[in-house]
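Number of protein chains: 2
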Amino acid sequence: MADNKKISVAVIKRLPRYYRYLGDLLNVGIVRISSKELSEKMNITASQIRQDLNNFGGFGQRGYGYNVEFLYNEIKKILGIGKEYKMIVVGAGNIGQALVNYTDFESNGFKIVGIFDVNPRLIGMTIRGIEVYDADKMEAFIKNNEIDIAILTIPKTQAKATAKKLVECGIKGIWNFSPMDLELPKSIAVENVHLTDGLMTLIYKTNAVLDK
Amino acid sequence: MADNKKISVAVIKRLPRYYRYLGDLLNVGIVRISSKELSEKMNITASQIRQDLNNFGGFGQRGYGYNVEFLYNEIKKILGIGKEYKMIVVGAGNIGQALVNYTDFESNGFKIVGIFDVNPRLIGMTIRGIEVYDADKMEAFIKNNEIDIAILTIPKTQAKATAKKLVECGIKGIWNFSPMDLELPKSIAVENVHLTDGLMTLIYKTNAVLDK
Chain A
1 MADNKKISVA VIKRLPRYYR YLGDLLNVGI VRISSKELSE KMNITASQIR
51 QDLNNFGGFG QRGYGYNVEF LYNEIKKILG IGKEYKMIVV GAGNIGQALV
101 NYTDFESNGF KIVGIFDVNP RLIGMTIRGI EVYDADKMEA FIKNNEIDIA
151 ILTIPKTQAK ATAKKLVECG IKGIWNFSPM DLELPKSIAV ENVHLTDGLM
201 TLIYKTNAVL DK
Chain B
1 MADNKKISVA VIKRLPRYYR YLGDLLNVGI VRISSKELSE KMNITASQIR
51 QDLNNFGGFG QRGYGYNVEF LYNEIKKILG IGKEYKMIVV GAGNIGQALV
101 NYTDFESNGF KIVGIFDVNP RLIGMTIRGI EVYDADKMEA FIKNNEIDIA
151 ILTIPKTQAK ATAKKLVECG IKGIWNFSPM DLELPKSIAV ENVHLTDGLM
201 TLIYKTNAVL DK
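Chains as they are written, first to last, in the numbering used here: chain A, 1 to 212; chain B, 1 to 212.
Just to be clear, a hint being listed does not mean it is correct.
Each pair may be met inside one copy or between any two copies, as identical chains are not told apart.
[As the list claims (entries may be wrong)] Pairs of lysine to aspartate or glutamate residues, derived as EDC-like cross-links and limited to a Cα-Cα distance of at most 20 Å, are as follows:
1. K86 <-> D197
2. K165 <-> D134
3. K13 <-> D197
4. K13 <-> D181
5. K83 <-> D136
6. K83 <-> E131
7. K137 <-> D197
8. K76 <-> E106
9. K137 <-> E168
These are computed hints drawn from the structure, not numbers from a lab.
Assemble the whole structure, with the sequences as input and the hints as a guide.
Next up, the structure:
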């Protein structure tokens, strides 16, 4: 695996999309593809594709294009997909439940093994066979089950304190759906999903389209 | 409102975040802020902030900083927030239900007024007082209720055909949670949310942190 340290966040954010498109090509039996063809499918420029993939040593051959399976597997390795990651969901509300029910994660090796909440009405129920535990038990559970990732779907007011506790328990990555940015030590990976931000961007785009 | 046409997508995607931070500052009574202070709060450089806001004519004064309320209101206008947008959710599954229950949208003027599904077990039920209608009725509903935005939370296999139908009905913006990119006419605004892509980015970051 190449030295990751200088790869920009923008490139990294595009890799799952390459992975998804290449997976679709593999599924329909396509063996190789040029950056031009891939560019038309993905709606980004061929030069951007070549530049992105050059970050990881290229993998393309002039006049031949990319070997789909090889490229797919390389990106898979780069992303670190292919082994199992254990996740917990913290917050068994609507978003938390929807994520537990989202089976696409598991097919990629991302397995939700526990759900935590403070609400007595939710504790003890199971979602897709996974039990909702009392938040008090979270710390021991993380340590005993070697949890990699915590998915945070709790209200804004509790997000900061809970994230702090997760870090203390040794969690290395937090997928944050709470509507606030988390300030955490640099040793913790965080990916924020701000649903309302996405909707506002769409509203802007919709108005921009209408203005034309 | 400034001419939007040359503003990069990256800048636009950051505007909701500015809006969120400025709203928080307003809520705690802060009247003005320098780009340096804002930069420390938001964890982006002061020069990036000045550059971003210059796209819209600046709003800052040297030695004074930004007037929080003024900047908040300007970004609000730029994004097109402040009036009511009517939305429908297409797909009353887990993600669809979670989005209907996500009250943060409504407090920003984004109002879900109808939900559609093909599943007879879901049709007729109400979620937060909003009825799930038969997908057959979608076309008439969009026209009669002047719907602005459709939130698509249906399986990949049906996403393309449904998006096409939405466009024919006159929808101007689609917020797509289906795990595929939509190819639509340039006159339609689309914002894709690929949950698994976000999780893969987090996995990459987590491994990158561990490699250090």
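Tested hints:
1. Taking CA atoms no more than 20 Å apart as the test, K86 paired with D197 passes between copies only; the shortest distance there is 17 Å, against 28 Å inside one copy.
2. For the homomeric pair K165 and D134, the shortest alpha-carbon distance inside one copy (15 Å) is at most 20 Å, but the shortest distance between copies (45 Å) is not.
3. Taking the closest pair of Cα atoms, K13 and D197 come within 20 Å of each other both inside a single copy (17 Å) and across two copies (8 Å).
4. In this assembly of identical chains, the alpha carbons of K13 and D181 lie at most 20 Å apart whether taken from the same copy (18 Å) or from different copies (15 Å).
5. Proximity of K83 to D136 under the C-alpha cut-off of 20 Å is found in neither arrangement, the shortest distances being 29 Å within a copy and 43 Å between copies.
6. Taking the closest pair of Cα atoms, K83 and E131 never come within 20 Å of each other, the shortest separation being 23 Å inside a single copy and 42 Å across copies.
7. In this homomeric assembly, K137 and D197 never come within 20 Å of each other (Cα to Cα): the closest approach is 33 Å inside a single copy and 30 Å across copies.
8. Taking the shortest Cα distances, K76 and E106 sit within 20 Å of each other inside one copy (15 Å), while across copies they are farther apart (39 Å).
9. With identical chains, the CA atoms of K137 and E168 are at most 20 Å apart within one copy only, with a shortest distance of 14 Å there and 51 Å across copies.
Hint check: violations occur at hints 5, 6 and 7; the rest are consistent with the structure.
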